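*Asks:* Take the sequences, apply the hints, and build the full model.
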Amino acid sequence: MSLNQLSALEIAARVRAGEIRASEVLEASLAQIRRLDGQPGSLDEKPLEPAEDQKIHAFIRQTEDLARQQAEEVDRKVAAGEDPGMLAGVPVAIKDIFTLKGIETTAASRILSNFKPPYTATPVQKLMDAGALILGKTNLDEFAFGSSSESSAFKPAPNNPWDTSRVPGGSSGGSTASVAAEEVALSLGTDTGGSIRQPAAFCGVVGLKPTYGRVSRYGLMAFSSSLDCPGPIARNVSDTALTLQAMAGLDPHDSTSSTMPVSDYLEALKKGVKGLRIGLSPDYAHLFYPDFETGELGMESIQSEISQAVEHAANVLADLGAEIVENVPLPNTRYSIPTYFVISRVEAASNLHRFDGVKYGYRTPDEVADLQELLRRTRAEGFGSQPKLRILMGMYLSAAGFAENYYQRALKVRAMIRKDFERAFDPQGEFRLDAILTPTTATTAFKRDDFFGNSVRMQYSDQMTVSANHAGLPAMTIPGGLDGNNLPIGIQFIGADFREDLILRAGFAFEQATRDEAWRSVRPAALRQEVE
Amino acid sequence: MKDYEVIIGLETHIQLNTQTKIFCSCKADSWGAAPNTNICPVCSGMPGVLPVLNSEAVHKGSLLAVAMHAEINPVSHFDRKNYFYPDLPKGYQITQFDEPIGKGGYLDLQMPDGGTRRVHIHKLHLEEDAGKTKLDHGLRLVDFNRCGVPLVEMVTEPDLRSGEEAAQYLSQLRQLLRWIGVSEADMERGHLRCDANVSIRERGSQVLNTKTEIKNVNSIDAVRQAINEESKRQIELVESGGKVVSYTLDWDADTGKLSMMRSKETEADYRYFREPDLLPVVLSQEEIARVKAELPELPLERKARFESEYELSAYDAEILTSDRGLSEYFESAASSFGGEAKTVSNWMMNDLSRLMNGLGKTASELVLTPASLAQIIRMVEEGKINAATGKSLLSKVEESGRAPAEIVEAEGLAVIADSDALRAQIEGVLAGATAEVESFRAGKESLLGWFVGQVMRATGGKADPKRTREILLELLK
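Protein sequences, first through last, are from chains D and G. Everything in the first sequence is counted per our numbering, starting at 4 for the first residue and increasing by one. Everything in the second sequence is counted per our numbering, starting at 45 for the first residue and increasing by one.
Simulated from the structure, these hints should not be mistaken for lab results. A quick note: this is a predicted structure, and the numbers were derived from the prediction, not measured. A hint or two may mislead.
Said to hold, decoys possible - Cross-link-like lysine-lysine pairs, in silico, BS3-like; alpha carbons within 27 angstroms at most: (1) K176/G / K362/D; (2) K104/D / K80/D; (3) K119/D / K71/G; (4) K362/D / K125/G; (5) K362/D / K178/G.
*Replies:* The structure is reproduced here in structure tokens:
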């Protein structure tokens with residue numbers, strides 16, 4: 004097994020023990036990136052040769068020099084007998100929406116194409132403090148606005164390592180692709196409506212959206228501030244637990260970060276699922292989709308292989324001693340996408356106000372007559388179609404006279420969604436759940452261009468994930484099988500506030516119990532070709 | 045011409061004198077600093093950064109709310125006010141919209157006829173300041189130093205009726221802000237800024253007519269002048285058949301003229317919504333009670349007490365409560381003196397006030413302590429030193445920092461009340477003035493005053509006048 008294939012836990016253990024050096028791990032990762040990733044995303048979109056078109060393209064920017072320095076420092080510490088940190092020598096890729104001091108941070112937008120932040124995001128800093136090696140910044144949907152990573156201004160957009168004609172999902176698609184392609188062991192993503200979990204499911208990796216406030220948002224370029232959560236992406240549950248351990252905790256720079264003590268997540272994994280109450284909900288068996296003419300909510304079935312994977316997971320967990328509670332009502336989940344549409348766009352429009360070409364970032368090179376023209380031209384040229392759509396929609400929904408019917412109403416529905424979950428998790432209530440098991444997505448990875456351009460249909464990819472954002476709850480996707488096209492299926496565990504430990508336990512138990520199932524031995528197509 | 049009345053509402057922005065800005069750790073005050081030298085990623089609106097609320101700003105804002113008799117909101121919220129302007133780096137201002145820290149409130153204006161007029165407060169909330177822009181040789185320059193400076197915005201109801209009343213409101217507000225220690229309230233430095241909304245109506249009417257807004261008035265005099273100018277303009281306009289149009293006006297202090305800045309026909313839509321990056325500001329009943337307990341006696345209450353407790357005139361009481369430090373100086377000196385407080389007041393109103401003006405010091409900055417002042421007054425009252433010596437002691441103590449009694453001792457300033465010593469001095473004077481002694485004895489008794497003068501000259505003014513007179517009469521018989 005090559006070093007880039009090792010789990011983060013194993014790399015850190017072996018580096019800390021002095022068995023391997025961080026610089027060796029780094030070289031293995033760099034070699035894998037060179038083999039598979041192809042050219043990084045760039046603003047100059049050129050037609051690609053067929054072979055290049057099939058590469059992963061997870062990165063916008065590699066930070067090889069930084070990673071080398073970090074590897075040297077880890078190796079020096081190990082040699083000197085100092086503690087190199089719990090992530091010593093682990094290669095990590097950062098979604099290019101987190102700031103890293105002195106290194107371009109673009110949010111995959113032209114408007115920030117030249118922005119070098121003078122500060123580092125707190126979760127990135129925590130990973131670095133734990134000894135991680137930062138290999139680069141990964142591609143994403145522009146400002147995280149999307150579910151396929153195709154809206155990035157930096158082309159080529161990333162591809163799915165399981166089938167490079169398909170999208171990796173989004174918006175953290177570059178991050179999940181880089182982990183699935185074994186280019187890095189871990190990645191840092193963000194999840195506003197499912198942006199960690201949906202691409203993790205599409206790429207067959209683990210992705211965790213922590214409780215809102217568990218991981219600091221400082222240095223994360225805001226999309227929808229009341230929903231955004233940074234979280235880890237890894238190839239297995241224990242690496243996810245390890246990464247969360249390194250990142251979680253109170254941050255004096257983020258007022259919304261929690262004072263709750265951080266659990267020992269790795270220790271929790273050992274406890275198994277015996278006695279845990281795990282719920283299944285009929286409200287996650289369908290996709291609710293509005294008819295454009297009538298506004299009536301219609302139902303679409305989710306892909307049958309995904310339903311079967313959820314059922315299978317429930318059976319495995321029941322065999323391990325978990326109590327499966329069926330028919331848990333979560334009726335307001337069906338309104339979660341319209342609600343999200345309103346809240347996220349209002350906040351996004353406001354968060355994008357600061358990009359005006361005055362202080363930093365892109366400014367129109369043309370002569371302008373006045374300030375208004377500077378703003379208009381800069382924003383017209385600097386933003387792609389997704390930010391523009393969201394600004395228009397957000398401004399409309401929060402305008403005087405409309406806000407009451409849209410924004411204020413959406414906040415009320417959001418509170419109702421949260422109430423559904425409170426009832427399910429209430430320790431004195433009818434259901435007393437420890438976790439809820441659902442599909443992560445309604446379909447497996449779709450083809451490039453299938454939905455791109457249809458913002459509404461694209462948005463509905465987040466139907467299964469977005470409720471946890473509304474409610475602020477922790478939720479994790481783990482691989483649950485493969486469909487007939489050998490595409491990964493994600494299953495999701497949703498937990499109560501700050502009970503990441505419980506969903507990690509459930510996920511870990513399933514992962515261990517299904518270690519020998521046939522689908523586990525199937526590798527992403529991009530890696531299979533590599534072996535041949 | 046019809047009889048018009050002027051309707052005025054004032055919008056004030058008060059810079060709180062906290063150590064740091066409201067949402068970051070930059071210094072709050074950048075007076076005199078070079079542009080963009082007191083900024084950080086947070087106050088300059090870099091992407092990804094987050095605001096962290098300064099609790100001192102909340103505390104000072106609550107204290108002001110209590111001083112304005114406003115009700116403190118146990119849960120208040122911050123909101124985003126969205127608009128584009130280069131001096132607003134985030135593209136939105138963090139302010140309080142519908143659930144501000146204070147609700148209601150009022151300030152009682154002292155009217156010239158001795159009565160009071162209650163000016164109601166329409167809105168009192170915390171917010172961050174924006175930066176500044178200026179044009180320089182065709183370039184528009186931006187300075188973010190002021191971004192994030194903590195402000196309280198306070199808006200009155202349209203309860204004021206003249207430029208003079210508006211000036212009186214600002215003057216009392218400034219006094220109050222300094223009194224409770226929440227702002228330096230220096231208008232020239234922008235610590236206290238004021239916009240005035242002015243409209244007119246026929247006296248007796250209850251309607252509110254179209255108003256204009258005067259901006260950029262940064263002294264109390266300017267507020268008075270600008271409002272009077274604008275109300276005169278509106279009356280003349282309406283009298284000549286014109287109609288007041290909603291405008292923003294700019295006041296030029298140099299020319300004393302108003303100029304139109306922009307039309308306010310359409311109200312901007314700021315698309316307010318809750319600031320998701322901040323938690324609600326929650327103040328428990330205990331915390332609110334603590335703020336209330338911390339509020340000192342306010343100027344008007346103290347003035348009334350000075351009149352009743354110390355039997356001061358309304359005029360004296362007003363002067364002595366014009367500044368909190370001065371009023372505390374007075375009370376401390378009066379208590380240390382122990383005698384009639386009116387005496388202390390007289391000294392402070394005259395001689396001490398002259399000393400302070402001369403040195404440009406406030407009462408709290410004086411080296412001369414209230415106890416020393418009391419000691420000097422007591423020595424004069426007891427006849428140990430004469431009044432002139434007492435007055436000269438004020439500046440001697442202020443300069444040297446020594447105790448008054450010590451200076452009197454060292455410089456031999458005490459009145460010569462000892463009969464033997466005084467008798468010897470007087471005998472000396474009489475011995476040198478045999479002609480005058482003879483004249484006196486011959487019946488020219490008006491010479492007594494001349495003899496007293498001579499004794500005073502010989503003793504350097506230290507002779508006790510009463511004793512001198514007695515001894516002179518005895519020796520001249």
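*Asks:* When the structure is checked against the list of hints, which entries are broken? Sort them ascending.
*Replies:* none
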